[in-house]
Amino acid sequence: MTEDRSQMTKVRGQSLQFRFTTVPSRHRAAGRRPASVREEEEEPQQLKMMKSKADEEDYWNSSKFKAFTFDDEDDEFSRLKESKQAVNSIRRLVEEDDDEDDVEKVSWSGEPVGSISWSVRETAASNQRTDREPTFPKINTDTPTLSKSNSGYSLSSLFKGKTKGGNFQSFNDSLSDLSVRLYAPELRKPKSEYKDYVSDWSPEETIQRMQQGKAFSLEKFRSLQDKLLLLDFAVSAHDGNVITAVLIYLKRTLGKEVLFRELESRQTALRHLIQYLTETRDQRLLLELLRALGRMEDVALLQYKEHLSITDENKRRDFLKSCLSLPFSPEDSAHVQDHFTLLERQIIIEATDRQAERGGKVEIFQKFPRRASILNMPLVTTLYYCCFYHYTEPEISEKQYFVTALAARAKLKAWSDVDALFTSRNWLGFTRKKSPLSFQRVVDILQKNSAPTQVLQDYVALVDDAELRISLAQKHKCHDIVINTYRDLKDRQLLLGYRGKVERGSAEERKIDELLNNPVRKRSHLHHLHHLHHLNHDVFFFSFSKSGGRTDFSRRLLL
Amino acid sequence: MAHSARRDSPELPDFSLLKRLARDQLVYLLEQLPGKKDLFIEADLMSPLDRIANVSTLKEHEVDKLYKVEYKPITSTSDQLCFLIRPRIKTVKWICDVANADKATGKFRRYKIIFTPQKFYACEAVLEEQGIFGDVTTDEWAFYLLPLDDDIISLELPEFFRDNFLAGDQRWVRTAGSALHLLHSLYGPFSKVYGIGRCSKMAYESWREQVAEGEQRTRQAEIGRVFLIDRDVDFVTPLCSQVVYEGLVDDIFRIKCGCVEFGPDVTSDKSVKVMLNSQDKVFNEIRNEHFSNVFGFLSQKARNLQTAYDKRRGMDIKQMKTFVSEELKGLKQEHRLLSLHIGASESIMKKKTKQDFQELLKTEHSLLEGFEIRECISFIEEHINRQVSMIQSLRLLCLLSITENGLMPKDYRSLKAQYLQSYGVDHLLTFANLRHLGLLVEQQPGETLTVMESKVGKLVNDKTAGKLTDAFSSLARKSNFRALSRRLNLVPKSGEEYDLRVPRDMAYIFSGAYVPLSCKLIEQVLERDGWTGLEEVTKLLNGNEFAVTGSNGADSKAKNDAQRIILVMFLGGCTFSEISALRFLGREKGYKFIVVATAITNSSRLLESLLDNHV
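Chains as they are written, first to last, in UniProt numbering: chain C, 1 to 559; chain P, 1 to 615.
Derived from the structure by calculation, the hints contain no laboratory data. Any given hint could be a false lead.
[To be verified] The calculated BS3-like cross-link candidates involving lysine-lysine, where the alpha carbons are at most 27 Å apart (straight line), are:
| id | chain 1 | residue 1 | chain 2 | residue 2 |
| --- | --- | --- | --- | --- |
| 1 | C | K220 | P | K410 |
| 2 | C | K315 | P | K112 |
| 3 | P | K90 | C | K251 |
| 4 | C | K367 | C | K434 |
| 5 | P | K72 | C | K251 |
| 6 | P | K90 | C | K256 |
| 7 | C | K214 | P | K119 |
| 8 | P | K329 | P | K354 |
| 9 | C | K214 | P | K112 |
| 10 | P | K90 | C | K214 |
[Unchecked claim] Where chain P lies over chain C, by a calculated footprint (3+ residues, C-beta under 8 Å):
| id | segment |
| --- | --- |
| 11 | 300-311 |
| 12 | 355-367 |
| 13 | 375-389 |
| 14 | 483-496 |
[Said to hold, decoys possible] Facing chain P, a subset of chain C residues (Cβ under 7 Å, in silico):
| id | residue |
| --- | --- |
| 15 | H238 |
| 16 | D239 |
| 17 | T244 |
| 18 | A245 |
| 19 | I248 |
| 20 | K251 |
| 21 | Q454 |
| 22 | A466 |
These numbers come from a predicted model, not from an experiment. Backbone N, C-alpha and C fix where the C-beta goes; we use that ideal spot for every residue, glycine too.
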């Protein structure tokens with residue numbers, strides 16, 4: 001057992017160090033995007049943090065994949081090489097008067113001389129006050145999350161009454177059968193009502209004029225009915241430009257409650273408004289709209305998104321903390337929690353490591369200077385980083401980890417976590433609890449965190465020494481364990497004595513009676529127990545090495 | 001390279017007219033602001049502008065200095081500023097800041113904004129709000145279409161995809177209609193329009209209205225038929241790795257506006273920008289080839305070149321003179337191109353070797369076939385765990401989801417968690433976008449499943465029932481891609497030999513593993529002259545198909561060449577692989593395809609436009 005345990009400590013130890021050794025910093029790198037977008041950057045991003053080239057290769061050479069060949073024709077590649085040599089050998093002949101080529105002339109940057117891009121760059125270069133070209137974020141195209149609308153033709157299609165003269169009368173598409181149905185004539189006011197005005201346009205005519213870029217006025221559409229008619233005609237014209245224009249007018253002249261209410265049944269218009277509010281960065285109104293629609297997950301995501309614009313890592317962490325109470329789906333909620341915990345941890349790591357790097361005393365930082373701060377890197381990158389810089393630091397022992405984790409999870413009454421901490425599965429699929437601490441200590445810690453008897457007895461049962469087990473079981477009123485232990489010791493006397501200690505008529509009493517009357521079953525059971533015990537000894541190390549999976553790693557990092 | 005091309009393919013119309021029109025209109029607009037002026041150009045308009053005009057054109061019209069729009073205070077001292085921009089609120093806000101800063105310092109300037117291809121009311125609303133309306137003049141430069149090659153025209157609107165499909169914003173619908181209208185009036189009248197997708201339908205409507213508004217001209221049609229297709233009809237194709245040369249070059253080096261920048265790894269010297277189009281004779285011969293054929297072709301070319309140069313030996317002075325004056329120039333040009341493409345192929349090989357490309361392709365093919373899905377999932381998992389390219393991992397996840405009609409809940413959860421751990425929790429936002437678009441979703445347990453489950457659950461004990469549930473849920477998936485694939489025969493039977501040198505169908509663009517759905521639909525509809533007989537297919541694609549005949553006597557001219565010139569408009573982007581497939585189809589059937597795309601896309605561009613993990 002002792003031997004096995006030392007093995008275990010060693011294996012487990014690997015995953016431990018980074019957890020606690022790592023410590024704090026502040027570094028302004030919040031906006032960095034960790035993962036690469038460019039296709040050609042196939043290099044795993046974790047590698048980008050370190051400088052040693054050789055190291056990168058070592059790391060990935062373990063890949064199980066073979067080199068790429070198209071159609072397994074390796075000789076194609078060598079043929080290509082030959083061709084290249086052939087072409088290169090000709091090069092000398094050609095190079096003397098290369099300028100004569102009627103090839104585009106290009107500047108140092110590769111832009112054709114005289115091209116517009118080239119000229120813009122020249123202007124920039126000649127202007128001392130212009131900074132080096134900064135990389136700007138993409139033009140604002142970000143949108144909130146939307147559900148796909150199925151009702152594009154919904155209400156608005158009712159107004160599609162007019163069949164225009166033109167070349168294409170003979171449609172056989174489904175659009176045309178809508179056109180026969182409704183004209184919505186009752187919604188159109190008789191012309192006479194407008195007689196005080198000169199050249200008044202109906203909603204439909206107004207929309208047409210807007211589409212054609214002609215002069216128009218929306219101000220006279222004052223009744224809600226007129227406004228909605230205008231909107232519905234805009235939607236049925238399929239012109240997003242006009243739809244948005246009408247929405248801007250409606251937003252200005254209608255109360256929010258009314259506007260939101262009417263949009264609920266007009267999905268196409270609604271999506272235009274959401275897009276417009278996103279583009280104009282009217283976050284406040286957008287959130288109000290989404291809340292009014294009951295789209296709480298979208299509200300949560302939209303607010304969470306704001307963290308991206310916070311560059312100070314401490315402010316970002318605090319912001320993420322405030323996000324924990326947002327109405328995410330349960331699944332996403334857990335991810336956001338992870339995000340917060342990770343950043344919290346990274347801030348600590350970064351502070352310590354930056355100091356260590358500056359101090360110049362820690363060899364690994366001298367040998368492989370860090371390329372970037374660890375802040376805002378993904379979990380896996382952080383894990384890699386820690387395995388890279390903090391692997392060999394034996395700062396805490398297996399025991400320390402267990403004690404701490406156990407106490408923390410027990411405090412939270414997270415009994416399933418406690419269970420998982422000890423559980424490993426062996427190669428036969430049996431689960432088996434084991435611990436670098438004695439189970440007596442485990443019981444002690446659990447009891448101090450007021451674990452219920454139900455939980456306690458699982459661990460009391462695992463105490464090896466029978467006497468100790470009995471005394472613990474008695475202390476914590478784990479009757480079953482006491483009874484079973486006496487049974488296994490084949491001690492009728494003790495069993496009889498204990499009968500007086502349990503409640504009369506209880507299940508325990510019945511169990512004792514049953515045992516006292518049935519000596520045969522007792523023996524076979526004992527034999528079985530012995531066998532199991534033996535088996536577990538054999539598979540101990542084996543089962544352990546199976547347990548150190550990814551989840552374990554990340555859970556520890558996040559603990 | 002031996003394609004059994006039909007020899008009677010009609011000639012393509014000349015699209016350089018589009019460039020001339022755009023240039024003339026720009027010149028006209030610049031003249032509306034007489035006198036010296038500085039011109040600010042939006043960054044993503046610079047390359048398209050370069051294709052139709054150059055600095056001297058601008059200088060001739062009194063443009064003094066050129067600047068890129070950079071969203072910061074300007075340094076120009078000119079008293080006339082002209083802004084050439086896309087109709088984006090952010091850019092207009094910046095211009096308002098510039099004008100307001102001038103006002104604050106008492107500086108007087110004249111401002112002109114030229115929106116291209118059109119202005120939006122929302123932009124004018126910003127001018128109004130910021131108190132700048134009236135201080136600036138605005139204009140529209142109807143630069144809708146940029147010909148990238150003889151048969152490719154781009155609207156250069158990559159944001160079309162996200163705006164339309166993710167946000168549901170229809171601002172570009174009329175733009176698409178106007179672009180179509182322009183083509184119709186220059187190269188039409190069209191006699192037949194087919195299409196599929198909601199946006200296609202709307203764009204068609206918008207075009208139809210614009211035709212109705214304008215006056216008719218009768219002319220000999222050059223383009224007879226039009227096919228409109230929404231990108232969301234087929235997401236599988238743009239998510240596959242491209243293996244045809246042009247597509248591969250785009251995947252790896254990114255072709256921007258018909259131009260690629262080859263770095264030192266290709267040129268073994270400084271970087272060069274190269275135009276990739278049919279003018280490049282070497283490129284033109286390999287662009288549509290499966291990459292495995294490219295080596296052979298380039299070697300042959302290199303040998304021929306060597307022979308041509310070798311002719312010099314033994315020439316007398318006179319012969320040498322003729323050689324130099326007649327042949328050398330061409331040979332040198334070819335030599336330059338050949339070394340570029342050899343360099344590029346070599347670099348592609350190196351990059352693809354590094355990332356286990358073969359394994360990746362195997363996974364993609366399995367997903368398309370619906371074969372060994374568990375293995376695919378563990379490959380994707382490993383991909384994620386190793387933190388190999390964030391976009392690649394996302395691409396595989398999306399491909400898995402679409403081909404399987406969604407992920408099983410436990411797979412979805414576990415893969416999402418691992419993805420967030422590898423690439424950052426802020427990708428929660430990306431996942432939300434992908435879910436809304438339907439690109440990466442969780443399977444919803446079907447009704448049939450629950451009934452079956454409860455019945456079986458009563459018969460057997462819990463543990464077995466759990467296992468059965470797994471088995472049932474895989475049966476219960478109604479996978480539209482699989483059904484489509486079966487109906488349209490998109491995935492050829494595995495195990496069959498496929499000679500990539502002599503392609504037999506469009507599947508060659510994916511190594512014989514998959515016929516692109518988009519192109520297959522086009523093929524079928526053209527063959528049937530409509531959607532008749534494809535009812536099951538359109539049902540699986542959520543309908544929105546149409547086929548319309550014009551009333552201008554199309555039938556009488558149905559046999560002329562114009563009917564075999566087909567304009568295919570991809571709303572939301574088109575890949576080079578799809579263009580290659582259509583070129584192949586054209587050669588087989590005697591058609592000529594003209595591809596009009598809102599932008600050239602590929603898996604990376606498509607997915608990047610859906611990322612939200614940045615400000």
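For each hint, the structure was consulted:
{"no.": "1", "hint": "C:K220 - P:K410", "result": "violated (56 Å)"}
{"no.": "2", "hint": "C:K315 - P:K112", "result": "violated (41 Å)"}
{"no.": "3", "hint": "P:K90 - C:K251", "result": "holds (20 Å)"}
{"no.": "4", "hint": "C:K367 - C:K434", "result": "violated (39 Å)"}
{"no.": "5", "hint": "P:K72 - C:K251", "result": "violated (30 Å)"}
{"no.": "6", "hint": "P:K90 - C:K256", "result": "holds (25 Å)"}
{"no.": "7", "hint": "C:K214 - P:K119", "result": "holds (13 Å)"}
{"no.": "8", "hint": "P:K329 - P:K354", "result": "violated (38 Å)"}
{"no.": "9", "hint": "C:K214 - P:K112", "result": "holds (20 Å)"}
{"no.": "10", "hint": "P:K90 - C:K214", "result": "holds (25 Å)"}
{"no.": "11", "hint": "300-311", "result": "holds (count 6)"}
{"no.": "12", "hint": "355-367", "result": "violated (count 0)"}
{"no.": "13", "hint": "375-389", "result": "holds (count 6)"}
{"no.": "14", "hint": "483-496", "result": "violated (count 0)"}
{"no.": "15", "hint": "H238", "result": "holds (4 Å)"}
{"no.": "16", "hint": "D239", "result": "holds (5 Å)"}
{"no.": "17", "hint": "T244", "result": "holds (5 Å)"}
{"no.": "18", "hint": "A245", "result": "holds (3 Å)"}
{"no.": "19", "hint": "I248", "result": "holds (5 Å)"}
{"no.": "20", "hint": "K251", "result": "violated (10 Å)"}
{"no.": "21", "hint": "Q454", "result": "violated (22 Å)"}
{"no.": "22", "hint": "A466", "result": "violated (35 Å)"}
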